[in-house]
Every structure is written in structure tokens, then in C-alpha cells.
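In order, the protein sequence lines correspond to chains A and B.
With this note's numbering, the residue at position 325 of the first sequence is 325, and numbering never jumps.
Counting from 1 along the second sequence, just add 1000 to a position and that's the residue number in this note's numbering.
Don't read these hints as lab results, they were simulated from the structure.
Note that the structure is a prediction, hence the values are computed from the model and not measured.
All residues carry an ideal CB built from backbone N, CA and C; glycine is no exception.
Any given hint could turn out to be false.
As the list claims (entries may be wrong) - Straight-line alpha carbon distances no greater than 25 Å define the calculated DMTMM-like cross-link-like pairs of lysine to aspartate or glutamate that follow: (1) B/K1051 x B/D1030; (2) B/K1206 x A/E403; (3) B/K1051 x A/D46; (4) A/K87 x A/D148.
Said to hold, decoys possible - From the structure, some residues in chain B lie toward chain A, with a derived Cβ separation under 10 Å: (5) V1066; (6) M1070; (7) Y1073.
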Amino acid sequence: MDDMSSRKPNALDLHVPAPRARPGDKPDFSGWSFPEPGDTPRPDVDEPAHALREYAYGLIRVLDMEGNALGPWTPQIAPEKLRRAIKYMLLTRAYDERMHRAQRQGKTSFYMQCLGEEAIAIAQTMALNPDDMCFPSYRQQGILIARDYPLIDMMHQIYSNASDPMKGRQLPVMYSSKKDGFFTISGNLATQVPQAVGWAMASAYSGDGRIASTWLGEGSTAEGDFHAAMTFAAVYKAPVIINVVNNQWAISSFSGIAGGDNTTFAAKGVGYGMPPLRVDGNDFLAVYAVTQWAAERARNNLGPTLIEHFSYRAGPHSTSDDPARYRPGEEARLWPLGDPIERLKTHLISLGEWSEEQHKAAQEEVVETVRATGREAEKVGVLGPEAPATHTRASMFEDVYSELPWHLRQQRDEHGA
Amino acid sequence: MASMTMIQALNSALDTMMERDPNVLTFGEDVGYFGGVFKVTEHLQQKYGKKRCFDAPINENGIAGVAVGMASYGLRPVIEIQFADYMYPAYDQLVSEAARIRYRSAGDFTVPITVRMPYGGGIRGGQTHSQSPEALFTHVAGLKTVIPSTPYDAKGLLIACIEEDDPVIFMEPKRIYNGPFDGFHDRQVSPWSKHPASEVPEGYYKIPLGKANIVRAGEAVTVLAYGTMVHVALAAAIESGIDAEVIDLRTLLPVDIETIVTSVEKTGRCVIVHEATRTSGYGAELSALVQEHCFYKLEAPIERVTGYDTPYPHSLEWEYFPTPPRIIKAMRRVTEA
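Looking at chain B on its own, in the form it has when it is part of the complex (with noise of 0.2 Å):
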């Protein structure tokens, strides 16, 4: 074992697949000599040559469809979008192609591809390196959306993703790639190796895909969360000393219904919380999968906690981001009704 930030946790996930299996590569814009702009590629050139870790052109459209060209001669490529926020001259080759490929070939071709995306916001990027398009991945028939929220968890997650048959979108929340941010930017951060999930083995680990995780048990409220939000959720019941129940999803499609609903029929409240847009957003799929699951449970309206639907601002960021005061009082809305 070893403390990691994710960055280090998610090159481990990849220096590991790359070492098990010749069929692994992985390429994007500077992801070769550099290593990435995060560093999450770094040293994988030097140790495994340039055909296995290399260099693309600016273009997110030939990066993807290059992609899963060699994904169906039987490669399994890992590419990196090197924001999530470019990752939409791709969209065509991951929604008509990697997506539906299997289905409409009959099984003839597959798509084991992982397509790697740092997204989200608080690090001041502006509307261009900011956004989190999850909801535009898990209204596809096809693709499986994951996001991690710690480096144990994405070292195990990326590697199962690898290893799927099926195209995976790996979103990275790149506000906690060096640490745990809890939600109040004006506070001291603090690193990954004070965090418990910080500790990561060497070596080969999977953690499977569509199992949630519940971080924090409580009784009064289930709050719904993945990547950075996790860390606020928490902040804000730690905070607020409301016994809320935190759910860390890890996987936004399969999702883990079984341990949304029995936490939801326990706590009779739920509180939803994502950076990304409201309006038809992931948190409309949750509010809608909690309300035709547990509707005779509930004692309050289901509450979302999201980004407002505008573009990412710059100087406005932090009234934009939900923060643990908005979800504090989210939850005070659904736990005193």
C-alpha cells in the first residue's frame, strides 16, 4: 500500500493494465512525452515505448473513431479527452458508433473502449473547463458512465472499465485530483494523504461497476452524490450535523438502484446533489428512479442541489457550485417537512 492522489492512483490503474496486457494503449492530446496536462500519462512513454502511450492530433473526433477502430480489431484503448469540456467533436463517434456497434452488428463487433475525461468545476477554468456532461453519457443506450471520488476508487474502477467489453465513459472530477475538496473554497485543502481512501495497493485490484458505496450512514436523509460532490455532501452533513446518509454512486449507469432504494426507505428523504445543470440533468434520472421506487416512503419532496442552468461562469464560480450551505439547507428543507 501507498498514499496516492488520484492522479497518481489513476496512472497506477494504468501503468498496471498496460503491464498486464499488450492489448492496452492509451493515447490523447499530450498524454506521450508530457504525460498529460493533469500527468495522469506520466513516465508511461518512457517505461512502455511510444506505439503504447503516445501523442494525438488536436482533434477529439479522430481520437474517438481511431479509437474504435482499434477497438474492434481487438485492442482495448484508453484515450484521454483532455477536458471533458472538448469532448464534443466525439460525441457522434461515441453515441452512433462505440454505443451501438455490438447492437447493430448482432455481437459481430465490439467496442472495448475507455474513454477518459477529467470534467467539473472549482478550479477557475471558465465555461470551457468546467463542465460535467454526465447526463449527455447516460441518456445512451450503450455506453456505462463511471466517475470515482476517491484514488482507491479510481484506481479500482478505471481498471475494471479497462477490462469491460463495453465502452466505458470515465469521468474524472478533476477539483479533487489532488485532494478532497469539501466544498468551501475559502478554507485550508487538504491532501489526499490525510484521507483514509488515499491508501491504494501496488498492484492489480478491481472495484466492480454499478455498486454504489455508502460513505456515511444516517437515518434522517439519503443525499445522492459522485466525484467532487461526495466530499461536499459529506462536508455539509459534517457541518450541519444533520444524520444524513451519503451515497457515493461511482456508477452512473448500470446504477446501484438496490442501494439507493433501501437507503431511501430507511430515511424517507433524499437530497440530490451534482455540478452539472439541473434541467434534465443526471439528478432528474435519480428524482425520477427514487420517486417510482419509493414513493410510499417518502416524507418530503425529493430535493436536487445542482449547477443553475447557465453556462459555467468564471468570477461567479462559487455561487454557481453547490456548496455545503445550499445542501445544507436542501436537506434541512426535506428533513423538517
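So here's chain A without its partners, still in its complex pose (with noise of 0.2 Å):
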């Protein structure tokens, strides 16, 4: 390869997508447009997909960063409700930040953030049903927040202890309620789509009325399971939302290792036939619209929605890496829209229904919530060398089967549980 006098006249030459700012550099955004806030039209929800093509190329954007809300997307939220959700936000990045720290000291094996994409399961949360069925990918745990799940199972399941309602079998955040419309958390990533789809299609064929939302990040929609579901979720018509959570970063691949550097990830939609609806992330009230409009499409038999949601990962993938390490540390600070706390804050304020008071407050109490929770929590255990007293030896090898078969019988018998 070194001898260039080999090489043929016409040597073609492999690209290899790189980002464009590593660590040491500046971020750098330069040539990115966006549309302005307010100007994406709203088609109506019975619009045919073919005629929804654009809407993947732009970004369907409705707070400015002055805070107003503007155009035809401006989804009707009630004041109390809009502080509710800013209560969720503030609520989902205490615990994430407890959490974190709590693995940091050593109480349990692993934690991930959603820091900087609160606004995404949150308002796609508030905008759905309260029975429409989630099957999220490991960063949504803003949905069980935003259900109201109560915290401290959350923080059981975190730490693997007596309380855990997923009997020390998952890793941290795989939470799993079906009373609540959650579906296990795999870790394995893309599975939890054609899932979505199937329960969607269940959903149609028993003539109920409920629907499937499901969210995967953007570096996964390289796998075989996204694609099998763009593909039965458009053949069948299927009630899902398919949402693909761009935050820019898998790990420490940059979204041009996924395809990001020749088209948008709404684009997929297009050769399905499927509305692709771009939106930025971080704008809770756009979030919401576009999920209404796709949910109301789902109501009215009219098939599945593929939506992007522009975003951007502020903290590391998880507690098992450092972004130092790959990208720039200003990225997250930089990013050109924003943190969607401070930007719902800042329209609620421009309302006159919230005030910097009212904030400070509310942060003061969820971190007090969280911590006095956290307190409880760990009265009943984290997570140590040896399992709680209520995990039993034998409890290892119950739910393998619905019944226990005799070779895990004479396998528990062997452990002597």
C-alpha cells in the first residue's frame, strides 16, 4: 500500500465518515440551517405520506430561544400542565444525577443518563395516552417518570435489591411495569421495535384502541431490527410511533458512522412510505405536537409515524465511558438549540406562569425528593458482593419456563438453594 508506484491509475480510495471536531478542537456547527421556529406548516393528519417528504429534510421547530411559541405546531397545554412537565424534566435529571453519582460510589454496577433529551419521553409521554404502550430503548426513563412510577422502584431496580421489582435479574435501567405501558428493557439494541409494531398490530386486530410508541437511537437505526420494522409497520399500517432519538453521539461513534453525513434520519420514512416528521429535540412543545399529530394519525387507522428528533446526548453514553475521550467537551454547552429545561423554564416565565422563584424551588424540592427517596431506597439495599436474603439461590432458576423443568431442578438441587 505504501509503494504509490503500484498503485493503479484509477485506485478507487474507501471513505471512512469522521466527525468534525474531536477533543482539543472547537465545536464546530458551521453550515448547519435550520428552519426558523413557527414556519413549518402543520399538514393535516390524513395527509398522504408521499406528500410528507419534506418534512424529513427540515426541523419542525415551534419555542424560539427567546422562549415564545410560535406557528402552526404550537400544541394547547394548559399552564398547570406545562408545569408539570417542567417539574417531570427537573424531577428525571435529579435522579439522574443521584443515580449516576450512586454508581460513582460504588452502590451499584451501572447507571445511564438522558441529560439534554428530558424533553423527548416527557412530552411524548404527556402527549400520548396514558395506557398507549411504550417500548423504549435504555433512555426513556422519563416516560415511568412521567407516569408516575414511583421513584423508589425505580431506585430498587437500580441497585438490584430486595425491593427490586425485577428480582436483581436486569441491569440498572432495564425497568420493566406493564400496568404502566412499559415493556422490558432488552440492552440489546433495535429489538424493542418490530416488538412495538407486533403489540401495535395486536392492538389493531383485537380492535382496541390503544397504541404503540417506541424509540431507538439514531446509530441503531443501522440494525436489521429497524429496518424489519419500518418495513412490517408500512406494509400493515401498524398504530406505532417509531421514534429515533438523534443525539448525535453511540458511544463514541458520530451519527456519519449510522448514514448521518448523506441524509436525515427522518429520511429513512421515505423509502417505507411512512410520514417522516424531523423535529428538534429540545423543544418540548414541538415534541409534544409532532407526537399528537402522529398519534392522533395511529387513532384514525392511519398507519405509523417514523419521527427524528434533533437532539443532543450532554452526558456520556454511560457510566462506563468518558466523552472526554472522543469528542469535544464545549459540544454539550454549545449546542445551537439549547437545553430543553431552560428553554420550556424560559417560555413558561414569558408566559408569566412560572418565575426564576417558582424554579429554584421546584429544583430544591425534586432534589430533596430524590435524596430523601434515595435515603429509603438504600435503607432496604444496594448493590453488594453478596445478593439480598429475598433473592434466594432458588429464585435463580424460577421464570426460565412457566413451570420449572427437571433439569433446572436437578441444576438448583445441585447448587443446594
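Make the complex out of the two chains shown on their own, each in a separate frame, by following the hints.
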């Protein structure tokens, strides 16, 4: 390869995408252009997919950076509900902060924050019906928070302690709650997407009124499961919303490694004949509005919608990586579309429905809630070298099958359980 | 009672369950209007409508993933993978998802799916239409694996699988879909109508999972087989005159250890037969189980008669396929030891 004289005159060259900036570089957002807030029209929900292609290449925005809500996508949300929303977002952030720190203190093995992405799960959950079914990836803890799932049960799961509803079987953050419409999180990527489509098909088959919603990262749109799901969802017009959370980074791989340099992630919907909406994921009102649109479309038996949430993963992928080793440290702070909590706060204050004092008080309240709940959870136990006594050795062999088969009974007895 | 081929018996099982339970539906490649490439789902779309029996895109990953989602809703989907050889794109959904959802959610969600797939050789199908990947399923915690060998068993077992609350892999020996093949490819093939186990009740009945069937009692050697190989092993016993006890396992996981142990303790000898490649095949598990449970009663080393550790060949199919002469040789080695 080094001997250039032996190269063919028409030698090909392999392209490997690379991000514009790495550690030590200045973040580079030059050349990015987005439509202005309020500039994107809102189509009727029964518009055919082929008439909606341009939405894949734009960006639906409602809030400007001064907190004004503009244009036809502005959702009608009562101020009381918006205050609830900002409290959910603050609670999620405080919870994440504490659990991340708990891992650092050796109280659990692993944690994943959703820092900077809080608007997505929370706005969407609040736009959906409480009994709609969610098939999340590992960064939508906001769904459980916005469905008022007990915070202490989330902590018990993180600590794999005696009160963990998952009986200590799952890696932290892999929650499950059927009664809250929250599917058991896999940890393998994108497997939940065809499952959401199947659930939605089953709902339609059964003449139910509930719809499904699923989330995956932009990196895992490269998985076969995503394309399988898109095919089935489009073919059978499944009542499902497929959400691609484009937070720019898949651990250390920038979105270009998943094809993001070539087109948008929303544009994946074009080839499948699915409405492709692209939205500012840090804009609570815009996320809420597109979710309402997609949900109404699904409820009217008009089929699935693909939504790309353009956002930024402000924290590390998990407690196992250090973003300073692969991306510029300033990127999150300089993100052109800002922070979702700050933006909703500015909006609420501009409406006269919120104030700096109320915000500060709400922040203190959630921090105290998390601290008090954390203390309660830690009383039950944290992850240690020994499993809690309630996780009996025999329980390791349960729930593999509906009934214990002979070979597992034998292994259980062999283990002295 | 009616005389049925295995295909008709399987069709009757699906028909019976779709009639009984509106939550049962079936889909897969070509299974709808056309009734499947092997006709197992024939007339079901006409009878139950296209929402309950329909064609799927050519995407096994999606077929399995969608079925997992439907089952988590509360349905009991029966999916067809057109050939077992095509199941690999579905493998992650079966192994990482279907098999583990009950465990990982501590019973919050369950996945009662039945995954039908024709498997095995002897049909001149070459390497992509002849494989026997059962060991790739029996190795997985959370899955059950079932393989019938007659029309009667096929219907009763498939009904039991559909009613199971766990995901079941139901592998259909396609060489014996239309008649019990004895492994002598150069001899006249006999139709199911001449076999007593082609008498199949019209309505509902079940054969419990985890129960083997002693298809021929004998004293000299125990032969463990399933699917097509049950008939090949029987032919070997008859042809050789060896007093072999032939056991049809029917369920590979959980396997009927009691029937196996009782037989091997009686005969002291064991030959294991399967079409799949030998190394790390299901025969290795059976051999280990027999050794663990029957070591002091064994009079000879356990023998395995299997497909070779090569891709499935086309022109040399009958060299690869475990035929009666190979089984007879193995039975002689262990009985004369």
C-alpha cells in the first residue's frame, strides 16, 4: 500500500466518515441551517405519506430561543400541565444525577442518564394516552417519571436490592412495568422496534384503541431490526410511532457512522412510505405537537409515523465511558438548540406562568425528593457482593419457564438452593 | 378419525386452535392466500380471514420480532419460518428476546409464541434447505424444542405448543411430511395412509411436552432418535434383526430423561441418531446425559450416528444422510462390544 508507484491509475479510495471535531478541537456547527421556529406548516393528519416527504429534511420548531411559541404546530397545553412537565423534567435530571453519583460511589454497577434529552420522553408520554404502550430504549426513564411510577421502585431496580421489581435479574435501568405500559428493556439495541410494531398490530387485530410508541437511538437505526420494523409497520399500517432519538453520539461513534452524513434519519421513512417528521428534540412544545399529530394519525387507523428527534446527548453514554476521550468538551454547552429544561422554563416565564423563584423552589424540591427517596431505597439495600436474602439462590432458577423443568430442578438442587 | 399426512395433521392442529381461540393467528412467508410452500396453512385464510392468516415480508427478523410483540399484547401467534435454514436472521429475537422476557421482567411479560419451521434433509435441498439446527435452540435457556415424527404426534404436539405459555420451537421433519421415509432412498416410498399413526382425530387433543414415545420395545440396545430418524432407526432395527428399543424423544427440551434412563439401564447400550452435524450437536447432550445417569449400567461406549461436520452437500446427499446401514453398523459395534 505504501508503494504509490504500484497503485492503479484509477485506484479507488475507501471513505470512512469522521466527525468535524474531536477532543481539543472547537465544536463546529457551521453550515447547519434550520427553519425558523413557526415556519413549518402543520399538515392534516390524513395527508398521504408521499406528500410529507419534505418534513424529513426540515425541522419542526415551535419555541424560539427567547421562549416564544410560534406557528401552526403550537400545541394547546394548559399552564398547569406545562408546570407539571417542567417538574417531571427537573425530577428526571435530579434522579439521573443522583443515580450516576451512586454508581460512582460503588452502590451499583452501571447507570445511564438522559441529560439533555428529557423533553423527548416526557413530552411524548404527556401527549400519549396513559394506556398507550411504550417500547423504550434505555434512555427514556422520563416515561416512567411522567407516568408517576414510584421513584423508589426505579431506585430499587438500580440497586438490585430486595425490593427490585425485577428481582435483581437485570442490569440497572432495564426497567419493566406492564401496568404502566412500559415494556421490559432489553439492552440489545433496536429489538424493541419490531416488537412495538407487533404489539400495535395486535392492538389493531383485537379492535383495541391503544397505540404503541417505540424509541431507538440514531446509531441503532443501522440494525436490521429497525428496517424489519419499518417494513412491517408500513405494510400493515400498524398504529405505532417510531421515534429515532438522534442525540449525535452512539457511545464514541458520531452519527455519520450510522449514515447521518448522507441524509437525515427522518428520511429513512421516505423509502418505506411512512410520514417522516423531523423535530427539534430540545423543544418540549414541538415534540409534544408532533407526537399528538402522529398519535392522532395512528388512532384514525392511518398507520405509523417516523419521528426523528434532533437532540444532543449532553452526558456520557453510560457510567462506562468518558466523552472527553472522543468529542469536544464544549459541544454540549454550545449546542445550537439549547437545553430543553431552560427553554421550557423561559417559555413558562414569558407566559407569566412561572418565575425564577418557582423554578428554584421546584429544583430544590425534586432534589430533596430524590435525596429522601434515595435514603429509603438504600435502607432496603444497594448492590453488594452478596445478593439480598430475598433473592434466594432458588429464585435464580425461577421464571426461566412457566414451570420448573426437571433439568433446572436438578441444577437448583445441585447448587444447594 | 381420518387418515392424514403430516401436513394435513399440522393444518388440522392450526385449524382446531384458530377455531377454539380468537387469540391464535398465523403468519409467515407465503402462508396466506397460497397456504405456505408446503401447504401447512392451506385454506386457513379462506376460513378465518386474512387478519388471522397472512403473508409476511421476507424478513425472518421481523416475523419473529413482530410475534414477540403480539405475544406481549396477549395473542398466541404461530409463525412459520419457511425453512429452518432461514431462521438465522430471527435468531436474536428468539434467543435474546422471546427466550428471556419472562426471566428479565420477573414474569411481568411473557411470550407464548410457537415458531414452526420445516427442517432436515433427504429432499435434495442442498445446504440452504436441509439443515437441522435444533441444537442451536436446545442450548438456549427459556426455549422449548419439539419435533414430531408422525401425523398423530404432529397434531397433538402442535396443539400443546400453541397452548404453552413459553416460547416453543416446533421443528417439522419435512422429509416425512408426505410419508414415513425409512432412509432407503432407492426403495419405494410408502405413503402415510399405510402407517397406523396417520389416523388422526378430527378435533382437539394434546400430547404433553416432555414425554418420549417408545416406538419399538427391545432388549439389546437403546436407539434415541427424533423426527425423520425415528423411521430410519426403525428400518435399521427391522433390517438388521437386532433387538433394538427405539425411542422417539418428541420433545428435545425438556427431554424425557426417565424414559431414556429406564431403557438404557435395561439394555446397557445406546446409539444416538440425528441428521445434524455431530460436534456440539444434540447427540452430545444426550450422550452426556446417558453417561451421567447410566454409567454403571453401560456395557459399551455410546455411539452417535449423525450428519458429518460439513455443510449439507447436494450431489453427495446420500453419503451424508444417516442411513440404516450406518445405524446398523453402530448398533453392531455396541451390541458386539
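Verification of the supplied hints:
| no. | hint | result |
| --- | --- | --- |
| 1 | B/K1051 x B/D1030 | 14 Å, holds |
| 2 | B/K1206 x A/E403 | 18 Å, holds |
| 3 | B/K1051 x A/D46 | 23 Å, holds |
| 4 | A/K87 x A/D148 | 12 Å, holds |
| 5 | V1066 | 4 Å, holds |
| 6 | M1070 | 4 Å, holds |
| 7 | Y1073 | 4 Å, holds |
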